[in-house]
Amino acid sequence: MTLSMQPSRPSAEPEELSTIVALAADGDESAWEQLVGLYARRVFAMARSRLHDEDLAEEITQSVFVTISTKLNQSAYTEQGRFEPWLFRITMNRVRDYCRKRSRHAKPMAPEYFASVEGQPKPDIHTKDDHQHQLNTLRLAMEQLSETDREMITLRHHGQLSFKQIAEITGDPIGTLLARHHRALKKLRMIIEEQANCSHPTSPDSNLGETS
Amino acid sequence: MTHDRTPSNLNLHLHDDPKLSHTESILDELAKQDADAMPDGLESRVLDAISQSIAPPPMSISDIHPPKQAGRVWSIRVAAAGLLATGTTLLIVTAQPWSSTSPHPLDHRMALVSFEQDMDDFFALESLDDGQLAEAVTDWEIWAQSVDTDLDSTLTGFDWYESTSDDGAL
Chain Y
1 MTLSMQPSRP SAEPEELSTI VALAADGDES AWEQLVGLYA RRVFAMARSR LHDEDLAEEI
61 TQSVFVTIST KLNQSAYTEQ GRFEPWLFRI TMNRVRDYCR KRSRHAKPMA PEYFASVEGQ
121 PKPDIHTKDD HQHQLNTLRL AMEQLSETDR EMITLRHHGQ LSFKQIAEIT GDPIGTLLAR
181 HHRALKKLRM IIEEQANCSH PTSPDSNLGE TS
Chain R
1001 MTHDRTPSNL NLHLHDDPKL SHTESILDEL AKQDADAMPD GLESRVLDAI SQSIAPPPMS
1061 ISDIHPPKQA GRVWSIRVAA AGLLATGTTL LIVTAQPWSS TSPHPLDHRM ALVSFEQDMD
1121 DFFALESLDD GQLAEAVTDW EIWAQSVDTD LDSTLTGFDW YESTSDDGAL
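Residue numbers (my numbering), protein chains in the order written: chain Y, 1 to 212; chain R, 1001 to 1170.
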């Protein structure tokens, strides 16, 4: 099992998280700082991955935390160890709302768009930065997944949720989610390999399958 | 590889295929890249937004009102009660509901005089009936029998005419 590229994820033990959430509900500023420190990056990453827009991602991040604070302030959430699924369900719904708004304006997503994403070169297969190329190729490949598969991938990898937590969000059985995840990975792999073969027709195999 | 707190999920994990494991590791790195793109100061802006949503809005001088005094509230209540009582009294006096249900004192006096007159007439009739009325009735019955007897004696031996013709002429 490959455990490289593990994102640094600040985490809190469930009991500690319950305490932080309870303090935040009482308006404790330091508790809110902890919650934002724990989850803002992940919420932002999930929104950015789906919307490819940093301004929108920031807007969504703020909106999600304001919603959380309002609900906690109104005692509309009872802490039962499900804070993370609750937080990312709100995030997912908010991202869906923005996707629907965007789809009404019917703005097609061109590959050139990804070149404009900050810090990313144009997805040129001949780039010398092979690692960045892999990332760009994967980002393009994700756009070809179904909405359901894409949501599951972002919840899993950007939200860093367990399959159990994703099951709580989507209401799907864990077995279904595991199978869906496996199928989505295979599809991503297939798309990447197809693009690699088109780029390097003489190459018998790209190095995407190898761990670096 | 992402964190997964459930051990069963680790057992069920899918990555016997190294290519899929590598794809997943690239996904993790993609997620990290998206997270690293978070602009500076976003966390503080989020905290500002939260504090605005939780904290009450700042109070301006124009919003400051002197506390309501209990005496003023009570004076308003007493005035309202007095107004209600005055209105009710005026309504009752104007409508005079007693005029239709109880007689006027003058009517009382007239009824009493009429009753006394009736009693006087009663006693007068009673004195008239004291033997004299029965005697008058007896005299009348004797006279009626005498008249009947005279009539019978007059009609004895008289042939009554009976018409045989039927021409209808009288």
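Simulated from the structure, these hints should not be mistaken for lab results. Among the hints, a few may not be true.
Straight-line distance between alpha carbons at most 27 Å, and here's what the computed DSS-like set of lysine-lysine pairs gives [said to hold, decoys possible]:
#1 Y:LYS187 / Y:LYS164
#2 R:LYS1019 / Y:LYS101
#3 Y:LYS71 / Y:LYS186
#4 R:LYS1032 / Y:LYS187
#5 R:LYS1032 / Y:LYS164
#6 Y:LYS71 / Y:LYS101
#7 Y:LYS186 / R:LYS1032
#8 Y:LYS164 / Y:LYS186
#9 Y:LYS186 / R:LYS1019
#10 Y:LYS187 / R:LYS1019
#11 R:LYS1019 / R:LYS1032
Not everything, but these chain Y residues come out facing chain R in the computed CB check (under 8 Å) [said to hold, decoys possible]:
#12 GLU33
#13 GLN34
#14 PHE44
#15 SER49
#16 LYS101
#17 HIS133
#18 LEU135
Please read these numbers as outputs of a predicted model, since none were measured by experiment. Note that beta-carbon positions come from the ideal geometry of N, C-alpha and C, so glycine has one too.
(request) Could you check the structure against the hints above and give me the numbers of any it violates, in ascending order? (result) Result: hints 2, 3, 13, 16, 17 break, sorted rising.
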